[in-house]
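Chain residues, written in single-letter form:
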Amino acid sequence: MNHGSWALSTPRLRAVFIIMALVLLAGAVFVPAASVPAADDEALERRVLEITDQLRCPTCQAISVKDSAAGFSRQITGKVRAMLKEGQSEDEIKAFFVARYGEWILRAPKKQGVGLILWLLPGLAIAAVGGWVGYVAFRASRRGEDEPEGGRHGEIGEAERDRIERDLRRFEEGF
Amino acid sequence: MIRSWKFWGVLSAIGAVVALFAYGFTVDPKLVPSPLVGKPAADFTVQQLNGEGALTLSDLQGTPVLLNFWASWCVACRDEAAILQEAHLLYDVAQNRLRVIGVAIQDTPEKALAFAERFGKTYFLALDDEAGTIGLDYGLYGVPETFFIDAGGRIQYKQVGAVTRELIRTMLDEMADEMASPKQEKGS
Amino acid sequence: MTPTIGYIFLTAALAVSLYGVFVPHLGVVRNNWNLIRSAQFATILNLVFVLAASAALVQAFVGDDFGVVFVWENSSSDLPLFYKVSAFWGGMDGSLLFWEVVLAGMSALVAYLYQRTNREVIPYVIVTLNIIHVFLLLLLVTYSNPLATQLPVPLEGRGLNPLLQHPAMVYHPPMLYLGYIGFSIPFAFAMGSLVRGKLDNEWVVTTRRWTLFAWYFLTMGQMLGGQWAYEELGWGGYWAWDPVENAAFMPWLTGTAFLHSVMLQEKRNMMKVWNMVLIIVTFSLSILGTFIVRSGVLNSVHAFAQSEVGPAFLIFIALAMVVAFTLLFKRIKLLESRHTAENLISKESSFLLNNLLFVGIAFTVFLGTVFPLLAEAIRGTKLSVQGPFFNTIAAPLGIALLALIGVCTLIAWRHSSWRFLVRNFRIPLGGALVAVGFSFAMGVTHGGALAVFAAAAFTATVLTLDFSKAVIVRKHQGDYAWPEAALQTVMRNQQRYGGMVLHWGVVFVFIGLAGNYFSREYNLTIPQGRTATAGEYQLLFKGFKSYQENNAQLRAAEIELYRDGELLETLLPAQSKYPTSAEPLTEVAIRRTIAHDFYLAMASENEDGSVTLRVLINPLVVWAWMGFPLFTLGVGIAILYKPKSLREPALERQYGVA
Ligand code: HEM
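If you read the protein sequences in the order shown, they are chains A, B and C. Going by my numbering, the first sequence opens with residue 1294, and the numbers climb by one from there. Going by my numbering, the second sequence opens with residue 45, and the numbers climb by one from there. Going by my numbering, the third sequence opens with residue 73, and the numbers climb by one from there.
Each statement offered as a hint is correct.
Derived pair list, reagent style DSS-like, types lysine-lysine, alpha-carbon separation capped at 25 Å:
1. C:K649 <-> B:K155
2. B:K202 <-> B:K74
3. C:K405 <-> B:K50
4. A:K1404 <-> A:K1387
5. A:K1387 <-> B:K202
6. A:K1404 <-> B:K74
7. C:K649 <-> C:K617
8. A:K1372 <-> A:K1403
9. A:K1372 <-> B:K202
10. C:K405 <-> C:K339
11. C:K339 <-> C:K714
12. C:K541 <-> C:K714
13. C:K402 <-> B:K50
14. A:K1372 <-> A:K1387
15. A:K1372 <-> B:K83
16. B:K83 <-> A:K1387
17. A:K1403 <-> B:K83
18. C:K649 <-> C:K614
19. A:K1403 <-> A:K1387
20. A:K1387 <-> B:K74
21. C:K541 <-> C:K339
22. B:K83 <-> B:K202
23. B:K74 <-> A:K1403
Partial chain B-side listing against chain C, Cβ under 8 Å, derived:
24. S48
25. V54
26. A66
Label-pair ranges, simulated between beta-carbon atoms:
27. A:L1417 <-> B:F163: 53 to 59 Å
28. B:A63 <-> C:G269: 30 to 36 Å
29. C:T74 <-> A:G1416: 56 to 62 Å
30. B:T70 <-> C:L493: 51 to 57 Å
31. B:Y67 <-> C:A220: 28 to 34 Å
32. C:N622 <-> A:G1406: 46 to 52 Å
Hints were generated in silico from the structure; no laboratory data involved. Glycine is no exception: its CB is placed at the ideal position from the N, C-alpha and C atoms.
Construct the entire structure; sequences and hints are all you get.
Following this line, the structure appears as structure tokens:
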């Protein structure tokens, strides 16, 4: 193996860890300062942005209500704010708009019914293919351990074998 | 002939994707059906633009309603202005079979009035509030949009974009048929 | 040159492409190399013809010849010359011609470059490319003729969409096309190899530079598109997961997977079938991209108007895929290699994982893009799949890729051991911890952002250590000065260190993307002469201003931007009116710093004289744009690398085949 290693001697390693610990500590100290409890309406505005980001702008369609300056988007934003002030939950607010615009208004389908296919399929597909490839690779690596180096093609190296195959084919095809 | 199941799997996948896109040619991605069709129309009370009295939608039950959303800044609304006015004169004033209502959205009273005068609109015109209460209740995407509400107060159809004479006539006939059938009784 | 003569050239181009489809096959059957040469010549002639046709169109644009329908639809006499030329690809028909021109240029280059080499496959490479030409030219002379004329000749054109009047829109489409079309070349070589049954690594080695070239332009095209969206659309982001954006992203993903997995074939003789699959899929996806833009099947802001070419494209994609996969399965026995990863912990495995992730993301994007259609077919109701879905699924996969770059760089070919890994991972993992701590200290608490920073720091540490170690070794070997040692290191292994620079670019882009997790937003209404606050900034609204710029009328709000009482800059967010368009456009004002962009858009001018502004504080955006120079440099270095078998004199030359 021509890779060296970057392992450090123990005292230096310890120093690195101490520095890291200090940085983490500094982080812990700074965090409370950074996140001063937000003013009431600031928290409300944040909720408004969060919810309107999940609603599709009826006019422009490509972007969210939050990102849109269109009249309807501004009115929807106002309605969301009003409903939040009345103490309605995010689900209730979404249900309000779904009842009027259809599920289309949600920028991602609910995780139920057909929507479930969408949400689950990528993960399942990746897991299935990954599992299969992993299994094949694992079996192959087992087999590889049993055999001597280069065992499958005898004495001939890869490049050489390729050239022979190529020459043979050229011969066959007369080209 | 290729026997590999993988090959046929790949081919079926290609077929499925092509079929899906081919299906895509048959539908308009921009047209979103309203979930409100078949449901009772949301009630509202509005002041007339010219200041002559108010109107509550539910008071009109018993007669079908054409509820049109428009705005003075909307280009397509100009195209349909004459058709709506004509429908008002013919079916409402002359035949008393239909009420035509226009609600302007995201507009100012002055501009809306000027628009109404320019196109000689004489039917009931109102202005939605600044929060867009009525517009949101009807799930508007833009203007013009027109709802046909039957005598029982149920939304029968929603038109996106300008209305046509044929559409109004057909809807009027359809809503009359609905009334004739007994199942509509609970609607009053 | 008149449009009619241009059209005649298009027809002539169709004729020579048909020649290029049939004659090479004849040459192979008759064993007559002269026939094949003539087809190569025809391919070069095709370029001349389509260039002539394009010249006719450019001339019509520059000369304001509104008798040409396409010019009338996409230009006007007041348009700056710059945009008159770029309006060429601003509409559908012209962009199709542009596509054909680019493909013709590449095909001609292929015909010219490989006259003596790759002789077994080249006839069918020429055939494949010419089949694509025939398809495009058929469309161009029928449904989609950009040179069609009309009478009477209108006095004025309808004008170019004002959104397209932006420098990025001049470069972005051609770059995307270079990318999309560039993948046709490796695809054509793959097909040539399959037809001839010449299934060694030659096609992979020959097309490596083409692939890198295509990858580079696809990458740049997308980043320029993002920049355009960010500056011109005014909603504050650069990527909306719009179907058309996804259409460009999918071939990029599979193309990047291909770029990596061909390395396995070249170096370890693995993945031969898979590479074929990847290039077929990448090519199909790049055509699918054009299909999505042109068919109007999916709801997109960027799409051209619905048109008749949609079905034609769909049929073409379907046929291309069926033929390609049939060829592949006919030859699959020849391709199946007995080489697999010998050890689970090896660079080979990391490549498998790399491909799994890239293709997994591509699948996710594909599914999300077509899902509205699928749901409608199944259930009959419309639903939306936008950012919230894509971000949720793709972000973790992307972060895994980012960390995997580091893992892959560390790990050795063939086999590695856990012990080795653990030992070498200590410092990079420490780097990740430090990054998390630092981010925390800076007040970043979002989990997604922290994950990106951790992965980025991990990978950056690995890349730094890996490179420094190599430079140190070189310095001691040759007693060089540091810069020379570094340069030598890079030039002695251009692929490895070109790849390293590219991966640095990836690290930067990811850091920039992570900023999305903690951007802040304020909606402010400010009366004239008053101040409002947005986070740590104060905005003083001085008043409105009107002025003219090119052919647009601008109405701007003059905003003085302060922090801690200190004037930073005067910003002019505006709304612009173009003579040919009713709706005003938003012209944003951006103050860029390393920490964040201060992004200011004018939402409305109110009747009481106040202004309503949308303020976004977008962290780290500038970092993402660092991808531009890094990707350019990285590809510049990596493209210098010649795989082994290219460095040897070509066998054909040795054998002296005439
Ligand atoms: C978004 C992620 C990535 C992008 C955009 C990217 C892009 C690239 C590009 C363009 C090249 C140059 C190819 C050539 O020289 O032919 C390259 C090289 C390389 N990539 Fe990536 N890559 C990414 C992720 C990865 C990952 C996850 C791995 C790990 C398996 C990896 C491993 C490599 C290797 C080993 C090289 C060759 C250079 C070297 O030996 O370091 N890349 N990459």
